[in-house]
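Chemist: Model the full structure from these sequences, guided by the hints.
Chains as they are written, first to last, in full-length UniProt numbering: chain A, 1 to 149; chain B, 1 to 417.
Anything over 10 Å on all C-beta distances counts as not near chain A; from chain B, calculated: (1) Gln-47; (2) Ile-163; (3) Met-265; (4) Glu-267; (5) Pro-288; (6) Asp-301.
Simulated restraints on C-beta separations: (7) B/Pro-23 <-> A/Pro-123: 20 to 28 Å; (8) A/Glu-9 <-> B/Thr-313: 42 to 50 Å; (9) B/Pro-23 <-> A/Leu-37: 22 to 30 Å; (10) A/Lys-82 <-> B/Arg-159: 52 to 60 Å; (11) B/His-134 <-> A/Pro-123: 18 to 26 Å; (12) B/Glu-173 <-> A/Glu-25: 51 to 59 Å; (13) A/Lys-98 <-> B/Ala-413: 27 to 35 Å; (14) B/Gln-339 <-> A/Glu-55: 52 to 60 Å; (15) A/Arg-22 <-> B/Gly-31: 37 to 45 Å; (16) A/Glu-85 <-> B/Val-138: 38 to 46 Å; (17) B/Ile-50 <-> A/Glu-100: 32 to 40 Å; (18) B/Asp-158 <-> A/Glu-9: 33 to 41 Å; (19) B/Thr-313 <-> A/Glu-100: 49 to 57 Å.
Keeping only pairs whose Cα atoms sit at most 30 Å apart, straight-line, the calculated DSS-like set for lysine-lysine is: (20) B/Lys-410 <-> A/Lys-98; (21) B/Lys-176 <-> B/Lys-102; (22) A/Lys-16 <-> B/Lys-410; (23) B/Lys-410 <-> A/Lys-112; (24) B/Lys-118 <-> B/Lys-102; (25) B/Lys-102 <-> B/Lys-249; (26) B/Lys-74 <-> B/Lys-102; (27) A/Lys-16 <-> A/Lys-112; (28) B/Lys-410 <-> A/Lys-19; (29) B/Lys-249 <-> B/Lys-176; (30) B/Lys-273 <-> B/Lys-147; (31) A/Lys-16 <-> A/Lys-98.
Since the hints were derived computationally from the structure, they do not count as laboratory data. Beta carbons are placed, not taken as given, at the ideal position from N, Cα and C, and that holds for glycine.
These are the residues of each chain, in order.
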Amino acid sequence: MSNTSLYGEQIIYLSKHPKNFRPIENAHYLCEGANPLCGDRVTVYVNVGADDTLEDVAFQGSGCAICMASASMMTTSLKGKKRAEAEQLFDEFHRLVKGELDPQREAHHLGKLTMFENVSHYPVRVKCASLPWHALHNALNHQSAASTE
Amino acid sequence: MTAQAVLATPATLDAVALRSDFPTLRRTINGHPLVYLDSAATSQKPQVVIDRMNQFYAEEYSTVRRSIHLLSAKATQAYEGTRRTVAQFLNAPETRQIIFTKGTTEGINLVAHGYGRKFIGAGDEIIISATEHHANIVPWQMLCEEKGAHLRVIPVDDRGELILEAYEQMLTERTKLVAIGHISNALGTIHPVEDIIRLAHAHGVPVLVDGAQAAPHMPVDVQALDCDFYVFSGHKACGPTGIGVLYGKVELLERMNPFLGGGDMIETVTFEKTTYAPLPHKFEAGTPAIAEVIGLGAALDYLRGIGLEAIATYEHQLLEQATARLSSIPGVRIIGTAQRKAAIVSFTVDGIHPHDIGTLLDQEGIAIRAGHHCAQPVMARYGVPATARASFAFYNLPSEVEALGVAIEKTIAVFAL
Numbered sequence: 001m002s003n004t005s006l007y008g009e010q011i012i013y014l015s016k017h018p019k020n021f022r023p024i025e026n027a028h029y030l031c032e033g034a035n036p037l038c039g040d041r042v043t044v045y046v047n048v049g050a051d052d053t054l055e056d057v058a059f060q061g062s063g064c065a066i067c068m069a070s071a072s073m074m075t076t077s078l079k080g081k082k083r084a085e086a087e088q089l090f091d092e093f094h095r096l097v098k099g100e101l102d103p104q105r106e107a108h109h110l111g112k113l114t115m116f117e118n119v120s121h122y123p124v125r126v127k128c129a130s131l132p133w134h135a136l137h138n139a140l141n142h143q144s145a146a147s148t149e
Numbered sequence: 001m002t003a004q005a006v007l008a009t010p011a012t013l014d015a016v017a018l019r020s021d022f023p024t025l026r027r028t029i030n031g032h033p034l035v036y037l038d039s040a041a042t043s044q045k046p047q048v049v050i051d052r053m054n055q056f057y058a059e060e061y062s063t064v065r066r067s068i069h070l071l072s073a074k075a076t077q078a079y080e081g082t083r084r085t086v087a088q089f090l091n092a093p094e095t096r097q098i099i100f101t102k103g104t105t106e107g108i109n110l111v112a113h114g115y116g117r118k119f120i121g122a123g124d125e126i127i128i129s130a131t132e133h134h135a136n137i138v139p140w141q142m143l144c145e146e147k148g149a150h151l152r153v154i155p156v157d158d159r160g161e162l163i164l165e166a167y168e169q170m171l172t173e174r175t176k177l178v179a180i181g182h183i184s185n186a187l188g189t190i191h192p193v194e195d196i197i198r199l200a201h202a203h204g205v206p207v208l209v210d211g212a213q214a215a216p217h218m219p220v221d222v223q224a225l226d227c228d229f230y231v232f233s234g235h236k237a238c239g240p241t242g243i244g245v246l247y248g249k250v251e252l253l254e255r256m257n258p259f260l261g262g263g264d265m266i267e268t269v270t271f272e273k274t275t276y277a278p279l280p281h282k283f284e285a286g287t288p289a290i291a292e293v294i295g296l297g298a299a300l301d302y303l304r305g306i307g308l309e310a311i312a313t314y315e316h317q318l319l320e321q322a323t324a325r326l327s328s329i330p331g332v333r334i335i336g337t338a339q340r341k342a343a344i345v346s347f348t349v350d351g352i353h354p355h356d357i358g359t360l361l362d363q364e365g366i367a368i369r370a371g372h373h374c375a376q377p378v379m380a381r382y383g384v385p386a387t388a389r390a391s392f393a394f395y396n397l398p399s400e401v402e403a404l405g406v407a408i409e410k411t412i413a414v415f416a417l
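Modeler: Rendered as structure tokens:
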């Protein structure tokens with residue numbers, strides 16, 4: 001099956017065994033993201049330290065493999081990053097999955113997140129990958145809900 | 001000559017031959033021959049429909065009814081000819097009972113507006129079913145909110161069959177309308193609309209039947225059903241998008257308020273008062289979708305040429321094959337197992353989200369729908385956020401059912417890491 005470009009082994013593994021899949025009690029920030037077209041729902045929790053470091057990032061919810069793997073990778077990538085770095089990664093990831101950032105040609109900070117590069121070939125799946133990131137972005141900006149619509 | 005002219009017998013059809021009428025079915029997707037299993041969302045178009053609309057635009061284009069030149073007369077003739085075709089298609093007694101709309105959704109909204117806003121008030125009740133798609137929920141909710149009326153919902157059992165005993169108990173003097181899908185788009189259930197209509201009429205309650213999923217797939221006789229309103233869409237019936245039909249009983253249509261104002265829906269206009277045109281034009285404001293109406297006529301002629309009985313019989317064979325094939329795959333759960341079903345198979349696969357199924361099948365050239373099918377309450381009833389849905393038409397083949405089964409097995413293998 002010629003789908004390995006989208007469903008890489010790591011994406012399927014993370015979708016089944018997501019990291020940081022838990023709530024954070026009394027989280028500093030949280031936001032529920034929803035895709036009304038497919039019913040995916042992801043709540044992102046963030047704790048930020050005094051020096052603006054994301055001390056803990058976690059999520060809960062349900063969704064497709066792309067959405068779950070994206071949320072998992074997001075939480076592990078952002079832990080320990082400064083708020084400004086998180087916002088920069090949000091922007092880079094968003095551009096990556098929309099096909100606007102070529103990780104081979106443009107400087108970036110995406111690291112292993114480049115495994116989502118091929119999402120850009122599946123326009124209807126961009127929202128799946130970016131939903132948890134929108135929730136994170138909105139959480140950090142004091143919004144309680146995010147939607148891909 | 002189209003392939004429909006070489007059908008084997010009236011009781012069956014030659015799907016291989018019919019496929020040659022559909023240009024889209026000749027293409028490949030991701031290197032595989034297209035297997036189009038999304039006809040419940042929208043059907044593919046035969047060449048005769050494409051050609052008829054092209055011909056109208058290229059050689060006959062004009063407006064209808066209002067101009068006196070030859071082209072307009074011809075366009076009007078073709079436009080009203082489709083009205084006769086639709087009347088025959090539904091076995092409506094009179095052509096003036098056929099109203100052209102933008103589609104099923106607009107037809108339901110037209111009745112909610114023209115009938116509901118006039119005859120339904122505070123404390124009244126409207127009955128729908130638990131399997132409706134949003135188009136047959138939201139207009140009634142909006143009406144209820146505006147008028148202080150209440151929506152009652154016929155429950156559905158685990159198989160996807162409506163619980164008629166509960167429905168009977170809902171029918172009271174407060175009931176003012178029943179709006180029911182003929183076939184559930186999410187489950188495939190063919191609802192017992194004959195019983196639903198009979199019981200409603202025993203209480204003097206009119207019934208609207210949403211035939212979006214039925215009219216292209218089985219014979220529909222509005223006189224035999226005795227329904228008060230029947231709606232369907234052109235684009236699910238091999239016709240163009242943006243066109244649909246509302247059938248109504250004359251006495252109800254006559255009593256209803258117009259839906260939209262302007263254009264041909266008037267009889268006389270002064271700044272003091274407007275009188276409305278007689279049926280059907282009272283409900284067709286503005287310049288209509290002329291080419292689409294003419295295309296719809298070609299589509300319905302095409303379907304009648306094949307025969308709706310033959311279509312229903314053939315598609316039922318595909319349903320039985322698909323049900324057996326998918327049921328044999330461990331981890332596959334079919335949602336909706338009613339005794340009377342149309343050729344729609346909604347399913348889930350353990351541990352794999354329907355969107356992932358949809359993408360992986362697309363890689364094999366198989367087009368299905370994955371999501372809530374604009375029927376979120378149905379999904380909630382069965383405890384799933386979404387399903388994968390394979391929906392069949394007469395142009396599908398047994399080999400395509402098998403291709404679906406194989407692709408699902410491949411999908412499961414990909415996720416078995």
